[in-house]
Structures are given as C-alpha cells and as structure tokens.
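Novice: Note that the protein sequences, when read in sequence, are chains A and B. The numbers in our numbering rise by one with no breaks, and the one at position 102 of the first sequence is 105. The numbers in our numbering rise by one with no breaks, and the one at position 58 of the second sequence is 61.
Hints were generated in silico from the structure; no laboratory data involved. It cannot be assumed that every hint is accurate.
Any copy, or any two copies together, can satisfy a pair, since identical chains are not distinguished.
Stated by the list, open to error - Derived pair list, reagent style DSS-like, types lysine-lysine, alpha-carbon separation capped at 27 Å: (1) K5 x K86; (2) K89 x K135; (3) K123 x K5; (4) K84 x K5; (5) K86 x K127.
Protein chains: 2
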Amino acid sequence: MKGLIVATHGNLSRELVRSAEMVAGPIESCHTWTLNPEDNVTENEERMIEMINLFHEEDDIFIMLDLFGGTPSNLILKNTKGKNVKILTGVNLPMILEFAMSRDSLPAEELMEVCEDAGKYGIKNINKMLQKGGRNNG
Amino acid sequence: MKGLIVATHGNLSRELVRSAEMVAGPIESCHTWTLNPEDNVTENEERMIEMINLFHEEDDIFIMLDLFGGTPSNLILKNTKGKNVKILTGVNLPMILEFAMSRDSLPAEELMEVCEDAGKYGIKNINKMLQKGGRNNG
C-alpha cells in the first residue's frame, strides 16, 4: 500500500491536501503534519512518530515536505531512518495531484519520479508562455 | 514598488504566506486570494479585481498561482489583461521565500527568474540525494 504524509511549517500541509481534494476528490491514506509556533516540540515529534507508525513495514510511505532543511525536514529524517520512505521537498499542488492520480497505476519508484516531475513542470512562467504565443488562457 | 498576490484553490494561498512569514518574517504588500466551494462566484471575482486595483500602474505585481488552468488561473488571466503582472504557477514555499528575500535587491524581470528557479530547485528527491551521499540531514 502507498500512503502520503505531508509535513510543513504552519498549517500549509493541511490546506495543500484540502485544495488537492477540492480538485481531485478524497485522497486515501493521506496524513498531514503541521508545525506552529505555539506547539509543544516534544508532543509534535510524538505526533509525527505516531503518524509514521500508522504504516506497515511493506507500505511505501511518500513524504512531501515544504523545504529541505528546517524542523519538519529534520524531524522526518530523524524519525524515518531505516524505513521505506520516499521523500520529496518543495511540495506544491501539482505534485500532490500527480500522487493522487498516479498512485494506483505506477510502482513506487516510478511514482516518485512523476511526482517530482509534476512539481517542477507545474512551475511555469506565464509571461514567457504568453510571449511565445503558446496559449493565452488556462 | 513590487507586490505579491497569491491566488489558489482553497485557503492554500493564506497558509503558504503564513508559513513563509513564520520562516522569513512579515512580507509587505502581499495579498492572498482564496477560492472555496461555498464562495459566491461574482463576489469572489470582485474581491480579486479589488486586490489587483490596490496596486498602481507603475508597480510590478507578482502573481503566484497553485495551478496553470482552473478558476484562479482563468480569473487572473481575465482580470489582469494589459496590466504589469508577472505570473508564476505551481507556487511552493521556496518560491515565496525567494520573493521575500530578493524583492529589494533585484529588478522585476530578474526577480521573476530567481523565483521560478527557487521553486524548481526547491523540489528535491531526498532519496536520490542520500544515495549519492551528498548529505544526510537537513
């Protein structure tokens, strides 16, 4: 089974998944980890460990982080050592939508590649596109 | 003056900016436009137009969207025709952080390039990085 954890500063993870679900419908086995200034650090790490432990040894756990570096990234790297995790940073909506659309049709390694690609290809300079006359509307 | 509008499905825009501000401090002249299922379509578009009209003709309005295509993208393209806007899609935290860090030091065209690059370079496959032995922690 493939699952997803989105872990970010603030409540960004929760709203990323909510927006993805607005577009693509419910995403199963998807958990969000948030980090807010008022949070208790120890409880927050325990919450992350519990989330990771929801998965079984044979599962592929996809983890999408906001940034490489910083607390969410550091805690994830610390608490997933030796586990079957696939970690991407710079999460954006196209990356999550690709996960939702392709999770059932692709093996985990390939899914990792297409999610990374979808995130990058989703970043477009619309001014350049319009200058090239490619398209003038979404 | 340079300003930023982040426009997305759901409240993603708001949480992206909130998370960016948790990391980088307050981002001035930054507005967020949200789109939720319960919203009134006409009022929502008016809210966008008002937001765009907060800027003056000589300002550089940076617009970061969650997706290319879909309602936020379509409404932005419709309502910014002839205006001095710079539009990027696939917004993620590294893109906004780059805007916050570089807005005062770079001319608008260059800022657009570095924001696009920061978004893309922020997307990393950590498994590949660890395999290459590049780094083992954030």
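Novice: Going back to the hint list, which numbers does this structure go against?
Specialist: none
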